[in-house]
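Asks: Chain by chain, the residues run as shown.
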Amino acid sequence: MVDVLETDVLVIGGGAAGTNAVLKAADRGAKVTMVVKGLLGKSGCSIFAAFTPYFQKTDEEIRRNRWRFMIRYYNHYLADQEYCARMEDYMCTEFYPDLERLGVYWRRDAEGRLEMVQARTRSLVAHKQGATGPILMDKRRREIFRRGIPVYEECAVTSLLTNGERVVGATVLDYRRGRFFVIHAKNTILATGHSDYLATRATGTREQSADGIAMAVRTGAELANLEIQWWHVSDVLEPKSWMRYHLYPNPLMGTLETSRLYNSQGEMFYEQKTHSPGAAAPYTEQLRRLALEVAAGRARWDGGYHSGYDHIRAETINTYQHQAKVWSKLGLDVGKDRIECGITWHMRHGGLNVNAERMETSLPGLYAAGGVGCHYLGGFGPASFDGKVAGEAAADDALASGRKPFSQEAVAVEEKRVFGFLRAGSDGPRPIQAKLRIRQIMWDLGYVKNERNMQAALAALQAVREETVPRLRLQSTTRNWNTGWMDALDACAMLDACEATVRSGLNRKESRGPFYREDYPYVDNENWMCRNIVKRMNGEWQSRTQPIQAPYLPPEKSREPFFEADY
Amino acid sequence: MKRTYAYFPGCSAKSTCSELDLSTHAVAALFDVSLIELENPGCTGAREFRAISEQLHLTANGRILALAERNGCDLVAVCDTCLLNLTETNRRLKEDSEARDAVNRALAAEGLVYRGAIEVKHFLWVLTEDLGEESLRARVVRPLRSLRAAPFYGCHIQRPKSIYGEDGEDAPALDRLINVLGGEVVRYAGASKCCGFHVVNVDQKIAVRMSGSHLGNAVAGGAQCVVTPCPLCHTVFDAYQPSMERQSRDPQATPILHVSQLVGLAIGLSTEALGLSRHVVGCADVLAHIGYSRDRTGALPQLPA
Amino acid sequence: MSPSLKQTTEPDKVRLRIYRFDPAIDRAPRYDSYEVPHTPRMRIMDALDYVHETLAVDFGYRWLCGSKKCGTCAVNVNGSPKLACWEEAQPEMTIEPMDNMTVIRDLVTSRDPYEAFLAKLQPLVIRKREYSGFPEPLTEADVASAVHLRDCIQCLACQSVCPVLQQPDSGFAGPALLVALSELSQDPRDEGDRAKMAAKEAQVFKCVSCYECERVCPVEIPIVGEAIEPLKRLAYREKSTPGARRAGAFLDSVKKLGYVNPSEVALKTQGITWNGLRLAFRMALRGKIRLTDALFKRPSPGAETIKTTYDAGESR
Numbered sequence: 000m001v002d003v004l005e006t007d008v009l010v011i012g013g014g015a016a017g018t019n020a021v022l023k024a025a026d027r028g029a030k031v032t033m034v035v036k037g038l039l040g041k042s043g044c045s046i047f048a049a050f051t052p053y054f055q056k057t058d059e060e061i062r063r064n065r066w067r068f069m070i071r072y073y074n075h076y077l078a079d080q081e082y083c084a085r086m087e088d089y090m091c092t093e094f095y096p097d098l099e100r101l102g103v104y105w106r107r108d109a110e111g112r113l114e115m116v117q118a119r120t121r122s123l124v125a126h127k128q129g130a131t132g133p134i135l136m137d138k139r140r141r142e143i144f145r146r147g148i149p150v151y152e153e154c155a156v157t158s159l160l161t162n163g164e165r166v167v168g169a170t171v172l173d174y175r176r177g178r179f180f181v182i183h184a185k186n187t188i189l190a191t192g193h194s195d196y197l198a199t200r201a202t203g204t205r206e207q208s209a210d211g212i213a214m215a216v217r218t219g220a221e222l223a224n225l226e227i228q229w230w231h232v233s234d235v236l237e238p239k240s241w242m243r244y245h246l247y248p249n250p251l252m253g254t255l256e257t258s259r260l261y262n263s264q265g266e267m268f269y270e271q272k273t274h275s276p277g278a279a280a281p282y283t284e285q286l287r288r289l290a291l292e293v294a295a296g297r298a299r300w301d302g303g304y305h306s307g308y309d310h311i312r313a314e315t316i317n318t319y320q321h322q323a324k325v326w327s328k329l330g331l332d333v334g335k336d337r338i339e340c341g342i343t344w345h346m347r348h349g350g351l352n353v354n355a356e357r358m359e360t361s362l363p364g365l366y367a368a369g370g371v372g373c374h375y376l377g378g379f380g381p382a383s384f385d386g387k388v389a390g391e392a393a394a395d396d397a398l399a400s401g402r403k404p405f406s407q408e409a410v411a412v413e414e415k416r417v418f419g420f421l422r423a424g425s426d427g428p429r430p431i432q433a434k435l436r437i438r439q440i441m442w443d444l445g446y447v448k449n450e451r452n453m454q455a456a457l458a459a460l461q462a463v464r465e466e467t468v469p470r471l472r473l474q475s476t477t478r479n480w481n482t483g484w485m486d487a488l489d490a491c492a493m494l495d496a497c498e499a500t501v502r503s504g505l506n507r508k509e510s511r512g513p514f515y516r517e518d519y520p521y522v523d524n525e526n527w528m529c530r531n532i533v534k535r536m537n538g539e540w541q542s543r544t545q546p547i548q549a550p551y552l553p554p555e556k557s558r559e560p561f562f563e564a565d566y
Numbered sequence: 000m001k002r003t004y005a006y007f008p009g010c011s012a013k014s015t016c017s018e019l020d021l022s023t024h025a026v027a028a029l030f031d032v033s034l035i036e037l038e039n040p041g042c043t044g045a046r047e048f049r050a051i052s053e054q055l056h057l058t059a060n061g062r063i064l065a066l067a068e069r070n071g072c073d074l075v076a077v078c079d080t081c082l083l084n085l086t087e088t089n090r091r092l093k094e095d096s097e098a099r100d101a102v103n104r105a106l107a108a109e110g111l112v113y114r115g116a117i118e119v120k121h122f123l124w125v126l127t128e129d130l131g132e133e134s135l136r137a138r139v140v141r142p143l144r145s146l147r148a149a150p151f152y153g154c155h156i157q158r159p160k161s162i163y164g165e166d167g168e169d170a171p172a173l174d175r176l177i178n179v180l181g182g183e184v185v186r187y188a189g190a191s192k193c194c195g196f197h198v199v200n201v202d203q204k205i206a207v208r209m210s211g212s213h214l215g216n217a218v219a220g221g222a223q224c225v226v227t228p229c230p231l232c233h234t235v236f237d238a239y240q241p242s243m244e245r246q247s248r249d250p251q252a253t254p255i256l257h258v259s260q261l262v263g264l265a266i267g268l269s270t271e272a273l274g275l276s277r278h279v280v281g282c283a284d285v286l287a288h289i290g291y292s293r294d295r296t297g298a299l300p301q302l303p304a
Numbered sequence: 000m001s002p003s004l005k006q007t008t009e010p011d012k013v014r015l016r017i018y019r020f021d022p023a024i025d026r027a028p029r030y031d032s033y034e035v036p037h038t039p040r041m042r043i044m045d046a047l048d049y050v051h052e053t054l055a056v057d058f059g060y061r062w063l064c065g066s067k068k069c070g071t072c073a074v075n076v077n078g079s080p081k082l083a084c085w086e087e088a089q090p091e092m093t094i095e096p097m098d099n100m101t102v103i104r105d106l107v108t109s110r111d112p113y114e115a116f117l118a119k120l121q122p123l124v125i126r127k128r129e130y131s132g133f134p135e136p137l138t139e140a141d142v143a144s145a146v147h148l149r150d151c152i153q154c155l156a157c158q159s160v161c162p163v164l165q166q167p168d169s170g171f172a173g174p175a176l177l178v179a180l181s182e183l184s185q186d187p188r189d190e191g192d193r194a195k196m197a198a199k200e201a202q203v204f205k206c207v208s209c210y211e212c213e214r215v216c217p218v219e220i221p222i223v224g225e226a227i228e229p230l231k232r233l234a235y236r237e238k239s240t241p242g243a244r245r246a247g248a249f250l251d252s253v254k255k256l257g258y259v260n261p262s263e264v265a266l267k268t269q270g271i272t273w274n275g276l277r278l279a280f281r282m283a284l285r286g287k288i289r290l291t292d293a294l295f296k297r298p299s300p301g302a303e304t305i306k307t308t309y310d311a312g313e314s315r
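Protein chains in written order, with numbering that gives the first Met the number 0: chain A, 0 to 566; chain B, 0 to 304; chain C, 0 to 315.
Check each hint, because a few of them may be wrong.
[To be verified] Think about it this way: if two alpha-carbon atoms lie no more than 30 Å apart in a straight line, the pair counts; the simulated BS3-like pairs of lysine-lysine are:
hint, chain 1, residue 1, chain 2, residue 2
1, B, 204, C, 199
2, C, 238, B, 204
3, B, 13, C, 254
4, C, 267, C, 296
5, C, 195, B, 120
6, C, 254, C, 296
7, C, 12, A, 239
8, C, 119, A, 30
9, C, 119, B, 204
10, B, 13, C, 267
11, B, 93, C, 12
12, C, 195, B, 204
13, C, 267, B, 204
14, A, 324, B, 160
15, C, 255, B, 13
16, C, 296, B, 13
17, A, 324, C, 12
18, B, 93, C, 238
19, A, 272, A, 239
20, C, 127, A, 30
21, B, 1, B, 13
[Said to hold, decoys possible] Non-contacting residues of chain A with respect to chain C, defined by C-beta distances greater than 10 Å in every case (computed):
hint, residue
22, 46
23, 105
24, 108
25, 175
26, 183
27, 256
28, 291
29, 295
Keep in mind that the hints were calculated from the coordinates and are not lab data.
It should be emphasised that the depicted structure is a prediction, and the values quoted were computed from it without experimental measurement.
Where is the CB? At the ideal position from N, CA and C, for every residue including glycine.
Here chain A stands alone, though its shape is the one from the complex (with noise of 0.2 Å):
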């Protein structure tokens, strides 16, 4: 028999979304329970926070700066418009006093006013530009220890239990000890973020094997729009593990420039500040532009173009940059030196079906917030904000209702399933092959799609599930710390995330943002602006679209050619 711990609401995931959920979900009056992959503040994606949005509603034109920001250019036409005016709400009353309140120092200057990144919109920093997440998760972190909640950190939940109709809980490896149990809730919420290492190159860390979106495919949840993946330009070609460094191509502190990306030629290619001055995170731009220089072959995706701050003073960026560090590291003169880049994936818009007022899934008692919904694309501020609601939702309704059974056979089933793959033997591949090779995939499709290679890569992706996975075996049959065998559970993650987000792009024929179709090229607003929804129920994958609706902010075109469209 595996242990059970019961809890009124489990938190799945110590980001943004998760810490916030953990700590509204307790101020409810909820008994809270959290399982972390890595460890809490220091895994995942938040910690990448380079800054906080500042949200004010005085100043009205920067305003609606911000509302176009939010709408075109972040999210394409895809969030949720009535979800953005709630979390304007949100940002503007509570998100900075809650981290103010535990002691962040957003930095101000010698008058004592707020220092912001001045663009069309603004932001603010705590103690430098690309240092922040660390800092507000360290705060929250610390808050959760401080409050006594349980927090299961280097432990990976492996899947969600249900009774048939509810999601009540879920079975977890703590893979410190190799120990498993079950987490038995009245709610679950899901907070595993939208960043995942599911590419060759990509900026998720190292634990983030897309379990969310993978158990909410097995266990039959609606996903959407997970063909929306962000792909960075300007991030670090080499050293290989500093692929993670972004050399922040949106407005910096300090400066009204903006960094520049430069082809092999030496030739400027991108600057935010004048291609896309309104495109506060010019992603989906600089990808098209450097599509461009790579079809004229003055780049590579993986390299032969460079980005720098060559043009803005080394004080500035030194003062305000936590970036600039990796130049001096690499013995580089960030007044004179440029950095060559590689893309890298970086995050997805898309993820479980959410009816975002109480960020609810298609499965009852299961709840999602932050990246891994597929309302906004998320940030630290946003997902914070889902977190209140998915914590107070939760826990409100848990605290009304009585626990529901699980399946002690689910349990069994899955047990069997994780301490299956503990087999040592020299006979089969290792897993960390699999997962290479899924990256490897992913890598190959990369950003420019079509019908041909998203079957191609679905074929692969299939070949590795059907003949790399049941032949996995490990160096080492031991429980503790057993990177292989986490490899091994990893690669099932991958597999069924990469092909729910491979289906996807399939279903969507259109292009936009930062997911481009060669074979169908334009931005389709009047079939497209939709929810683009697979499930798999019994194996079987299921699709729907859901129309996404703009009371404050339309689009201008219900369709334009892609490479016109400037979000």
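On the provided structure of chain A, position chains B and C as indicated by the hints.
Replies: Frame of chain A; chains B and C shown alone:
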């Protein structure tokens, strides 16, 4: 060529390690180095003044620097901690005019002014850098006969890196000095570590365990003695040695020498001139190794006439 | 114009000796050797990843962000702790878990003692007054003294090299925790009794000022000068601790005599102890001190001037 330095012996060399002051003067004289000892210099505050008030720390050290400046020559210290306090203060007061003004206001009543005109150095560096290895070697009359000496640098002559730069010097000064004098450098895992002096009054067992482990490693590496440029390290290793739980097989007492004593032996100074009888752990075995003969009374051996 | 990337000569191969230990199975640690191809600008982590991807697929090592944010990948490389994602791979590397830590498996160590100690220090701003709402009145100058402390990523490299922490039951918090405590104590909004915490819980006066922590800090925090000494100055107010008594006795001695009298400082810090007496006899026997030193020594002729100047300096 006569070299002249202002000289700040520090409190240890004037009390518990008076043999350090004695041997430093004796060695300096032989190398035609003139040390002008500061009058009533006060104290650099060890780690204590800076734990009370930063201004006190800057004032006390600024005062010593100002006294030294009146001699128009660089200042020499013989204690690692004094060296760091003075070097740090000197740099700070040179760079930070506000701090400098504050210190000078405090010094004004005595008619002292800190100007930032001199540098601070350790007597070890006077020997190895200013005089240089060649002039040292030329003076050696009684080579150390491969005496296995374990260098113990102490913290404040090599860290922090904001003052001394990154570590990584292949053959640091004391190693080179031991070689020049004909000794053999013992390699062991403690040469750059901390003796624990600054916690010795607060929690003696921490300091004794720390230095005990270094000494054990040195002895295990074959050390016949330990040589240190710092009287604080000397005090822990020498005076507290009987309290140490040895980490090594060999419980025999290990003599601890000041740098100036080791040099003095090699250049033929008498044990009296070097104050060798003033150690808790006697130095007879070291002296015997390098050829000082024992007399019948068991008194410390003397150099033959 | 092609951008100016500095090319350095890089080796072809990297040789690693990696510490392997599974406490559940192994009686003792062993070292496995691996040879991996060098990649451009290779970091230590890239070499470990290669080993994991090809040679030792189950080996235990921890990293999360790969970009100097999470502070979880620090390991000993050739005897000294390095942040694996940040430091360059060396041609020959012996890689071990950091010292002073419990090994979970191979290079993975437990962070639990650190977290438990941190919790004791109440590591969030303690407010007695009502929070006034965002943005609180603060200027950059209010928080400037702790600016470097905010760089800490809690990699625990400093904890691993601290010689005091290496002693059993030292009671000492260690540098990383003092950085956290010091940042709070320097925060104008914080109203916790940080002086008491520094003196009693963290035992800040057990710091030996060896600067080993600064030597290994990957984010180059001046830990002693900007975190620990400000805490000592706070804890100095807690006269009941030996460290504060020692500092006070030291200053009193210099002000009275014009130099420090170690015997008197020791007596005033520790009182009369058997160990202290033995030491005094031992030193007196060799003429290092006189047994009466602790009670009386003659002031230097300039003692009064020195006191006047120190008082003037201290009052500024």
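Asks: With reference to the structure, classify each hint as holding or not holding.
Replies: Verification of the hints:
Proximity of residue 204 of chain B to residue 199 of chain C is assessed by CA-CA distance (about 18 Å); at most 30 Å being required, the pair is judged to hold. At roughly 22 Å between alpha-carbon atoms, residue 238 of chain C and residue 204 of chain B fall within 30 Å of each other, so this suggested pair holds. Our distance criterion of 30 Å between C-alpha atoms is met by residue 13 of chain B and residue 254 of chain C, whose separation comes to about 16 Å. Only pairs whose Cα atoms come within 30 Å are accepted, and residue 267 of chain C paired with residue 296 of chain C is accepted, the gap being roughly 15 Å.
A C-alpha spacing of about 38 Å is found between residue 195 of chain C and residue 120 of chain B, which places the hinted pair above 30 Å, so the restraint is violated. Of the pairs offered as hints, the one joining residue 254 of chain C and residue 296 of chain C holds, with about 13 Å between alpha carbons and a cut-off of 30 Å not exceeded. Simply put, residue 12 of chain C and residue 239 of chain A have alpha-carbon atoms about 16 Å apart, close enough for the 30 Å limit, and the pair holds. Between residue 119 of chain C and residue 30 of chain A the alpha-carbon distance is near 23 Å, which keeps this suggested pair within the 30 Å criterion.
This hinted pair checks out: residue 119 of chain C and residue 204 of chain B have alpha carbons roughly 25 Å apart, not beyond 30 Å. A C-alpha spacing of about 21 Å is found between residue 13 of chain B and residue 267 of chain C, which places the hinted pair at or below 30 Å, so the restraint holds. This hinted pair does not check out: residue 93 of chain B and residue 12 of chain C have alpha carbons roughly 47 Å apart, beyond 30 Å. A hinted pair counts as satisfied when its Cα atoms are at most 30 Å apart, and residue 195 of chain C with residue 204 of chain B qualifies at roughly 23 Å.
Among the hinted pairs, residue 267 of chain C with residue 204 of chain B is consistent with the structure: their alpha-carbon atoms are about 18 Å apart, no more than 30 Å. For a cut-off of 30 Å, the pair hint linking residue 324 of chain A to residue 160 of chain B stands: about 19 Å separates their Cα positions. Of the supplied pair hints, the one linking residue 255 of chain C and residue 13 of chain B holds, its CA atoms being roughly 16 Å apart against a limit of 30 Å. Note on residue 296 of chain C and residue 13 of chain B: the hinted pairing holds, with a Cα-Cα distance of about 13 Å set against a maximum of 30 Å.
Taking the CA atoms of residue 324 of chain A and residue 12 of chain C, the gap is about 27 Å. The hint holds against a cut of 30 Å. Restraint check for residue 93 of chain B and residue 238 of chain C: the C-alpha separation of about 34 Å exceeds 30 Å, so the hint is violated. The straight-line distance between the Cα atoms of residue 272 of chain A and residue 239 of chain A is roughly 29 Å, inside the 30 Å bound, and the hint therefore holds. Between residue 127 of chain C and residue 30 of chain A the alpha-carbon distance is near 28 Å, which keeps this suggested pair within the 30 Å criterion.
For the hint linking residue 1 of chain B to residue 13 of chain B, the alpha-carbon distance of about 25 Å falls within 30 Å, and the restraint holds. For residue 46 of chain A, the non-interface assignment is contradicted: its Cβ lies about 5 Å from the closest Cβ of chain C, within the 10 Å cut-off. Once the 10 Å rule is applied to beta carbons, residue 105 of chain A is inconsistent with being away from chain C; the minimum gap is 7 Å. Interface exclusion of residue 108 of chain A from chain C breaks down, the closest Cβ pair being 6 Å apart, not more than 10 Å.
The claim that residue 175 of chain A lies off the interface is violated: its Cβ sits roughly 6 Å from the closest Cβ of chain C, which falls inside the 10 Å cut-off. Look at residue 183 of chain A: its CB is around 26 Å from the nearest CB on chain C, clear of 10 Å, so calling it non-interface holds up. Annotated as non-interface, residue 256 of chain A keeps its C-beta farther than 10 Å from every C-beta of chain C; the closest such distance is 18 Å. For residue 291 of chain A, the requirement that its beta carbon stay farther than 10 Å from each beta carbon of chain C is met, with the minimum near 20 Å.
Non-interface status of residue 295 of chain A relative to chain C is upheld: no Cβ of that chain comes within 10 Å, the nearest being about 17 Å off.
Of the hints listed earlier, those the structure fails to meet are numbers 5, 11, 18, 22, 23, 24 and 25, in rising order.
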